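Trainee: This is what each chain is made of:
There are 2 protein chains.
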Amino acid sequence: MDPVIILVEPQLGENIGTAARAMANFGVTDLRLVRPRDGWPSEKARNAASRADHVIEKTKIFETLEEALADLDYVLATTARQRDMLKPVRHPVEAAQVMRQTIKEGGKVGVMFGRERWGLENDEIVLANEILTLPVDPNFSSLNIAQAVLIICYEWRMSGNEREAALPFETPDVQRASKEEMVGLFEHLEQALDEASFFRPAERRVHMVRNLRTILQKGDWAEQEVRTLRGVVAALQRGPRDDDK
Amino acid sequence: MDPVIILVEPQLGENIGTAARAMANFGVTDLRLVRPRDGWPSEKARNAASRADHVIEKTKIFETLEEALADLDYVLATTARQRDMLKPVRHPVEAAQVMRQTIKEGGKVGVMFGRERWGLENDEIVLANEILTLPVDPNFSSLNIAQAVLIICYEWRMSGNEREAALPFETPDVQRASKEEMVGLFEHLEQALDEASFFRPAERRVHMVRNLRTILQKGDWAEQEVRTLRGVVAALQRGPRDDDK
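Protein sequence lines correspond, in order, to chains A and B. The numbers in the first sequence follow my numbering, run straight up by one, and end at 527. The numbers in the second sequence follow my numbering, run straight up by one, and end at 527.
Hints in this document: simulated from the structure, not taken from any laboratory. What you are looking at is a predicted structure, and each value in this text was computed from that prediction instead of being measured. Be a bit skeptical, because a hint or two may be false.
Each pair may be met inside one copy or between any two copies, as identical chains are not told apart.
Here are the computed lysine-lysine pairs in the DSSO-like style, where the Cα-Cα straight-line distance is at most 30 Å [unchecked claim]: (1) Lys326 / Lys500; (2) Lys386 / Lys500; (3) Lys386 / Lys326; (4) Lys342 / Lys369; (5) Lys369 / Lys326; (6) Lys461 / Lys500; (7) Lys369 / Lys461; (8) Lys390 / Lys461; (9) Lys461 / Lys386; (10) Lys369 / Lys500; (11) Lys390 / Lys500; (12) Lys369 / Lys390; (13) Lys461 / Lys342.
The shape of chain A in the complex, shown without the other chains (with noise of 0.2 Å):
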């Protein structure tokens, strides 16, 4: 179950189209429209969906915001200005969770999104349970509804358990190299710089070699790349071969 966007009198095709696809990115399906300006279907909002052709299939569209919210329990209204009304206020990280607690107990949640432009009026706000907004830069606060869209199914997607909101794709999982292998290519190459005199003054060895080695730690290498470490040691330590020249 997720929360279902709603988009009161959207303008544009386009917004629509792209709010959809924004649905579709985190996994949010159902989408509802009350009296988009130029009808439905339409094929500007088909097109700005790109595939997200479920979610244009299953727009339902309503002649009433209050048949809209009709089935639904719990439901916020996103807007970027204050209202003048008693009504609490929350943000998308706490928003997402709420929905999260309702949804599991059984409830359905619903958020609404305002006209390009003028947002939603007052009277369509007292509708909503509470208001959502954005921690959005004062200076420059307007964001266009499917960036707002984006934004809350993002947070959606974000508070689902850990699976929803894993990412696509982690860290490769390679094990370290061992203690044993990290000495080897710290001794191969202070032989190899040994060779080439590099610590000068002799007294100042010791220092060097352990510089030397905090740097290689830093690496905190795999075992195959530490061996390609060791090719370049022996590489640089033979140097130009003859066969070369």
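Start from chain A and add chain B according to the hints.
Mentor: Relative to chain A, chain B alone:
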């Protein structure tokens, strides 16, 4: 101090503009473009940026990615596709926290985004410290550039409010080496290895260089450490001194 946003070969002016606007929404203002396909300035970008003129005005253009990254210390490469390289993968929340920490310590950070459709090349990703990916629905994972920029900038802003318990990560004592210094090390070592005929057969050089750069990038070294390693490479390159024989 905010992160620098780098777009590599952005194809469409509208996307640059929408990205600029997304940045402005969350108080991020430094935009760098590497070889924008349709040049610069761009009317389409300016129009799509809406009132984010301040970002468009400040936008810097670069011929190469290396130049765009030269003054940065910690860079994330944003990608939806898993790459065959041993580089850490970060979640947007973690990434924002590491960026905050780095900036607090006086470092400079950047986030790279690739071309519409093709994203970033492996050789571009290699220059980054870590990979950043978003927890999208695997069945519908393609976010467009401006949307990815929006979410990263949103998380950046959120990380400033102590949104959740910070992830454990080490506090480097010194500032990381800049990308310019890292590339200096890479090129120096690669030249020495060319002289030693390390890259054999020739057609494997690209792959081997990429592998080596990934290994070295993991070192996360400070400026003085990179200097030490340059000294090591120079010494091995020079080999045994005549005056030692």
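Trainee: Does each hint fit the structure? Answer for all of them.
Mentor: Hints versus structure:
1. Lys326 / Lys500: Answer is neither; intra-copy 39 Å and inter-copy 46 Å both fail.
2. Lys386 / Lys500: both (21 Å within a copy, 21 Å between copies)
3. Lys386 / Lys326: Classified as neither: same-chain Cα gap 36 Å, cross-chain 45 Å, threshold 30 Å.
4. Lys342 / Lys369: within (28 Å within a copy, 44 Å between copies)
5. Lys369 / Lys326: Intra 36 Å, inter 40 Å, cutoff 30 Å: neither.
6. Lys461 / Lys500: Intra 13 Å, inter 17 Å, cutoff 30 Å: intra and inter.
7. Lys369 / Lys461: Both ways: Lys369 and Lys461 sit 16 Å apart in one copy and 21 Å across, limit 30 Å.
8. Lys390 / Lys461: Intra 10 Å, inter 33 Å, cutoff 30 Å: intra-copy only.
9. Lys461 / Lys386: Classified as within: same-chain Cα gap 19 Å, cross-chain 33 Å, threshold 30 Å.
10. Lys369 / Lys500: Answer is both; intra-copy 8 Å and inter-copy 14 Å each pass.
11. Lys390 / Lys500: both (18 Å within a copy, 20 Å between copies)
12. Lys369 / Lys390: within (20 Å within a copy, 41 Å between copies)
13. Lys461 / Lys342: within (17 Å within a copy, 46 Å between copies)
The structure fails hints 1, 3, 5 (numbered hints given earlier, in ascending order).
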